[in-house]
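In terms of my numbering, the sequence shown opens at residue 1 and continues consecutively.
Everything hinted at is true.
Derived DEER-like restraints, expressed as beta-carbon distance ranges:
#1 Ala39 with Tyr2: 47 to 53 Å
#2 Glu43 with Tyr3: 57 to 63 Å
#3 Tyr3 with Phe32: 39 to 45 Å
#4 Lys80 with Ile104: 33 to 39 Å
#5 Glu81 with Ser53: 40 to 46 Å
#6 Lys65 with Gln101: 48 to 54 Å
#7 Ser12 with Phe32: 26 to 32 Å
#8 Ser12 with Ala47: 50 to 56 Å
#9 Gln26 with Ser53: 37 to 43 Å
#10 Ala62 with Lys25: 52 to 58 Å
#11 Gln26 with Ala62: 50 to 56 Å
#12 Arg11 with Phe32: 28 to 34 Å
If you are wondering where the hints come from, they were derived from the structure by calculation, not from laboratory data. The structure displayed is predicted, hence computed values, not measured ones. Glycine residues also receive a C-beta, built at the ideal position from the N, C-alpha and C atoms.
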Amino acid sequence: MYYSTQFVVARSAQLFGLLLNDKRKQNETAIFRLTNGVAKLKECSAAVSHLESNLKEMLLAAEEKSEVSAGIANRVSAEKEIVEKATGEANEEAEKVGEMQTKISAQQAEAEGEVSSFD
Numbered sequence: 001m002y003y004s005t006q007f008v009v010a011r012s013a014q015l016f017g018l019l020l021n022d023k024r025k026q027n028e029t030a031i032f033r034l035t036n037g038v039a040k041l042k043e044c045s046a047a048v049s050h051l052e053s054n055l056k057e058m059l060l061a062a063e064e065k066s067e068v069s070a071g072i073a074n075r076v077s078a079e080k081e082i083v084e085k086a087t088g089e090a091n092e093e094a095e096k097v098g099e100m101q102t103k104i105s106a107q108q109a110e111a112e113g114e115v116s117s118f119d
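Take the sequences, apply the hints, and build the full model.
Set out below in C-alpha cells:
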C-alpha cells in the first residue's frame, strides 16, 4: 500500500504548481504568437485591399489609354493613307513634269537649231 505524507503532498503540490506555471507560460507565448499572427493577417488583408483598389484604378486608366491610342492609331492610319495617295499623285506629277521637261528641252534644242540656221 502507498501512503502519502505531508512532505510528499507538499512536494507534489509544488511540482504541480511548477508544471502549471510552465504550461501557463507556454500558453501565454502561444497566445502572443497567435495574436501577432492575426494582427499581421489583418494588416496584409488591408494592404491587399489597398493594392486591389489601386490595381482597379490602374486598369481603368490603362483601358482609357488603350482606347485613346487606338483612336490615335486609326487617325494615323487614315492620315497615312492620305499621305500615300498624295505621294502617289506627286510622283505622277513628277513623271509628267519630267516628260514635259524632256519635250521642252527637245523643242528648245530644235528652236535653237532653227535660229542658228537663220544666222
